[in-house]
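Put chain G on the given structure of chain S with help from the hints.
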Amino acid sequence: MSSDVMATHTAQISTDRTWLQTLHEWATTVDHKRLGILYILLALLFLVIGGIEATIMRIQLMRPHNDFVSPQVFNRMFTMHGTTMIFFVIMPVMFGFANYLVPLMIGARDMSFPRLNAFSFWLTALGGILLYFSFVGGSGLYGAGNAPDVGWWAYAPLTSRAFSPGHSTDYWTIALLVSGFGSIGTGINLIATILSMRCPGMTLSRMPLLAWLNLVMAGLVLISITPLSAAQIMLLVDRYLGGHFFDSQAGGSAALWMHFFWIFGHPEVYILVIPAFAFASEIIPVFSRKPIFGYPVMVGATVAIAFVSLSVWAHHMFSIGMSSYSNSFFVLTTMVIAVPTGIKIFNWLGTMWGGKIQFKIPMLFCIGFLFQFLIAGLTGIMQGAAPFDWQLTGSYFVVAHFHYVIVGGILFALFAAFYYWFPKITGRMLNETLGKLHFWLFLIGFHMTFDTMHIPGVLGMPRRIYTYEPGRGWDIWNLIVTIGAFIQGVAILVFVANLIFSYLRGPKAGNDPWDAWTLEWSVSSPPPAYNFASIPTVASRRPLWDQKHPEDPDSRYE
Amino acid sequence: MAEKHKTEWPVLVGRATGVFVLLGGILLAASLCNATAPSENAVPSIFEPHSTPAELIRHLSYFVLVITGLIFLVVFILLTYVIVKFRNKTLADGREPAQVYGSTQIELAWTIIPILIVVVLFLATARVIHAIQDARKPATAVEVTAIGHQFWWEFRYPALGIVTANELHVPVSDPAHPTPTFLKLLSADTDHSFWVPQLAGKTDLIPNRVNETWVDPQQTGIYFGQCAQYCGTQHAKMLLRVSVDSPEEFAAWVQAQKQPAKQDEKEIAGRHVFETTACINCHAVGGTNATGRFGPDLTHLMSRSTIASGAAENTPENLRLWIQNPDAIKPGSLMPAMKLSDNDLDALARYLEALR
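Protein sequence lines correspond, in order, to chains S and G. Position in the first sequence (first residue = 1) + 934 = the working numbering. Position in the second sequence (first residue = 1) + 98 = the working numbering.
The shape of chain S in the complex, shown without the other chains (with noise of 0.2 Å):
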């Protein structure tokens, strides 16, 4: 990284158009790489943002009775937290990579509706705007301007006008709603493109795995985004036009309100959860230097997976008091899902067998993904025995739990992605040492804050509350998950930090740092526009091992 290559980047980007002629050009495309670009930058906004919630929350809970920040802000936090993340960062940085990825890893110039694909991006960007407008223009459960506070799953009849006069709660809905139609355009630019815009040979059967399951992510987002617009429509007619839906003042069902969210909610953990696992279908392969075992198995069972998944909502609402028939159905789909989420891990791990596993930064990643979401897995198992649900719901277990989920498992996958494709983006590559040093603070601090926070669930402590009695044996794991919480943050800036001096310092990449198989590998990085100066053709599903090896190319075996 010579210091004249800089300067001459540099210049590049300087002479050739002013600052406003650039942000017109960003704001304008319909470049699906630049619009991935876009959507990776907002969810990392959206991250830190929501990180700072989560730090508020934690000081308030490092000790009992503390009065760091007052119910209400509490309330807040935890609302706009969950919100935050699930909807403004795992989603749209899912969104992003997919559109990046995507189509130049089947062969393709574009997304098959780019217009629809600005559309969308700025749907999702416009609901993060009118979600955080709230702190503004909206007023909630206790009277003045403020964000929504009503939980991220905003039970009904806490969001009826009776409990949240005002308009916080507006401000969530619609910023939901508007961030899904977003979402929905996504998912049928997805699918239109992995099934019509292959290059030639590309068969289903030749498609790299990334693509597959982004394939059946879209699917889920058609499948269950469209429920929870549906609720939130309602939810406004109860609130506007004098509707009963949820209202249970006048005989609305909040039962009704729980179903309608979970259709959605359940499914939406594997939206989030399915291209982390796509992440590691692509990373794992190339740092073992083997192909991925099982192809078949893995697209089978991650349809597998999302297709069940769409029967297992109820297994958030087990002490809502189902009978005995329908809990019981519901522990049967929950424990089933667990078969093809372990074949996953077992194809993983046999991809690694036998191989030549290369420990850089992206691998270290996957591993401790493959690591935590196991865990992840076990204590979903656990949940999914319903009495034993009965205790851990809604206490500081299942927030553990799924915290495992999305941040010992999607959050590593997602920086697994980060370092591996970083290069490909931007053109450089992001620095080892930071990188290490990434790896392992996120490391300490992930396990020291959420196996922490098994405990005191199992202890007796609901969650979602601002305070809690002393003497209750709370008190000093609440302070190691304090802690804990506190490494990752500092793990999270030194992340943004290479992500920073790498893009404008680090080492340049080359079109192929990784010795890697799929076709992004085989075009410039960052790739020129409209990806491929001629559509290649490819023969099996490793077209760069077949152009490495000639001798030997997997077309022979497939």
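Wrong hints could be hidden among the right ones.
[Claimed, not checked] Derived pair list, reagent style BS3-like, types lysine-lysine, alpha-carbon separation capped at 30 Å: (1) G/K235 <-> S/K1370; (2) G/K183 <-> S/K1290; (3) S/K1370 <-> S/K1294; (4) S/K1482 <-> G/K356.
[Claimed, not checked] The following label-pair restraints were derived from C-beta to C-beta distances: (5) S/F1002 <-> G/V182: 43 to 49 Å; (6) G/A286 <-> S/L1170: 23 to 29 Å; (7) S/L1129 <-> G/A233: 48 to 54 Å; (8) S/E1366 <-> G/Q197: 50 to 56 Å; (9) S/H1178 <-> G/E411: 41 to 47 Å; (10) G/A233 <-> S/L1170: 39 to 45 Å; (11) S/E1366 <-> G/V182: 17 to 23 Å.
In short, the hints are calculated from the structure, not lab data. Quick caveat: nothing in here was measured; it's all calculated off a predicted structure. Using N, Cα and C, we set each Cβ at its ideal position, and we do this for glycine too.
Relative to the frame of chain S, chain G by itself:
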């Protein structure tokens, strides 16, 4: 490169130990922290049950923990083995490892074995669901209606004609002659959840819906719990305690609670304040014309050890503070600040303190 990565193994081993500590710690912490006198139960651990539903759940949870623990061990050992055995082999010779694409036999093995495990787990779970949810109510059962309010608990004993709040009294249940308590769960406003970890799992209180749960505590003492479903601003201080009484104590408590409020002529001034201010809109005092239902019944206020749904000890100072400035104890509660004159406050406090 090779040396560099060897340093990671101690850390990985450390991580493994960390997880065993976690799994063991969940159990140990639960039992160790609870090493207080049995009648206190300060730590409401789910692994220290004193009632049949919680006991059944503990059995099931040990079973599930053992199975998931074994799965964890197997996969974790495999993962560690793979990482150590196949780590960082040099690619200097330019040779890639053998390219293996999959194996049908192995795939079948790791599909069928988990299916068998799932069947076992499901059957064990379904049995406990049935045992708890479909338990028969014996004729000797005590019946209670629990109504969740923002942010307190109303307890009504329809057969005994008792209404109280926040502190549930139930008789101890001798397994030979069970006297379980069956609770009918209702909500007056938003969703709540009844959770006393040592007695039973959670059951939600949902408006327009009648839920049920039951407990048969086998040891006397105080058991702590609290609302476990976010219900609004003061969800955190919607605390709950269950007093498990010996049969004699329970009979005496019932006898005392059945009486109308004691009317002491000395406290007529305080009663007048109560009945001519906003107090009467929300609170009831048995045998007077105070019949409000939005707030806790105060007929036997002084028989309770806490006020504000467990947020404060029931002391004269706290009671006065609660009347004048509820936000000082429980910000966001629905009790209004009464802003009484000192004279009126003194009189009112004396009146309330006489409600035994």
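So, going through the hints one by one against the coordinates:
1. At roughly 60 Å between alpha-carbon atoms, G/K235 and S/K1370 are farther apart than 30 Å, so this suggested pair is violated.
2. Distance hint between G/K183 and S/K1290 is fulfilled; the C-alpha atoms sit about 9 Å from each other, no more than 30 Å.
3. Proximity of S/K1370 to S/K1294 is assessed by CA-CA distance (about 9 Å); at most 30 Å being required, the pair is judged to hold.
4. Our distance criterion of 30 Å between C-alpha atoms is broken by S/K1482 and G/K356, whose separation comes to about 89 Å.
5. Restraint check, S/F1002 to G/V182: a C-beta distance of roughly 45 Å satisfies the suggested window 43 to 49 Å.
6. Hint check: G/A286 to S/L1170, Cβ distance near 26 Å, so the stated range 23 to 29 Å holds.
7. At roughly 53 Å, the beta carbons of S/L1129 and G/A233 sit within the given window of 48 to 54 Å.
8. For S/E1366 and G/Q197, the hinted distance range of 50 to 56 Å is not satisfied, since their beta carbons lie about 28 Å from each other.
9. Against the hinted window of 41 to 47 Å, the Cβ-Cβ separation of S/H1178 and G/E411 comes to about 42 Å, which satisfies the hint.
10. With their beta carbons about 42 Å apart, G/A233 and S/L1170 fall inside the hinted range of 39 to 45 Å.
11. Distance hint check: the CB atoms of S/E1366 and G/V182 are about 22 Å apart, consistent with the given range 17 to 23 Å.
Of the numbered hints listed earlier, those contradicted by the structure are 1, 4, 8.
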